[in-house]
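Participant: Sequence:
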Amino acid sequence: MMKNFYFAISIIVLVTACKNDKNKAKETLYDVEEVLVEQEAPEPEVTLGCYVFSKGENHVTFNVTSIKNDSVTATLDYNYKEKDANSGTFQGTLNEDKLIGTYTFTSEGVESKREVAFKVNDSVLIEGYGELNDSGTAFQDRATIKYTSTMPMVRTTCE
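First residue of the sequence shown? That's 2 in this note's numbering, and the numbers climb one at a time after it.
Simulated from the structure, these hints should not be mistaken for laboratory data. Remember, predicted model here, so these are calculated numbers, not experimental data. Keep in mind that the hints are not guaranteed to be accurate.
[Said to hold, decoys possible] Straight-line distance between alpha carbons at most 30 Å, and here's what the computed DSS-like set of lysine-lysine pairs gives:
id: 1; residue 1: K82; residue 2: K99
id: 2; residue 1: K84; residue 2: K56
id: 3; residue 1: K99; residue 2: K84
id: 4; residue 1: K82; residue 2: K56
id: 5; residue 1: K56; residue 2: K114
All chains, full assembly: derive it from the sequences and hints.
Facilitator: Set out below in structure tokens:
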């Protein structure tokens, strides 16, 4: 009879403990959900250093040399197979996840300028393309730029 009494007490304690654990688990899940809802996604950012695309004989290097507020300065080099290489500087502004600015470069001894755009996605820069103005130096409408480059530049150490 005493064994049955202890057995019954053990069952009651076990059931009560399980119910308390379930309630605590529900409370914990609820707290985690509240925290997740309140957190915002981090702002995309460009950091000092190199972003590189390299595949076969095609190479693009974007080396960020200065960041002040939303202003970004970099060197930018394009070297494509069977095309003239060009090298120069980038001066632009980061607005949300878009980095748009002027690329001043030299190709075959001639200095030129054109607008370039990149989408910042984690530690990757994706170049944007769109319809250009009549002189081919700026985008006609920045809102229509398509960031679908097959040459993403990945953040890496500078060589």
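Participant: State for each hint whether it applies.
Facilitator: Hints, verified against the model:
1. K82 with K99: Roughly 28 Å separates the two Cα atoms, so the pair holds.
2. K84 with K56: 15 Å, holds
3. K99 with K84: 27 Å, holds
4. K82 with K56: Given that 30 Å is the threshold and the Cα spacing comes to 10 Å, the pair holds.
5. K56 with K114: 26 Å, holds
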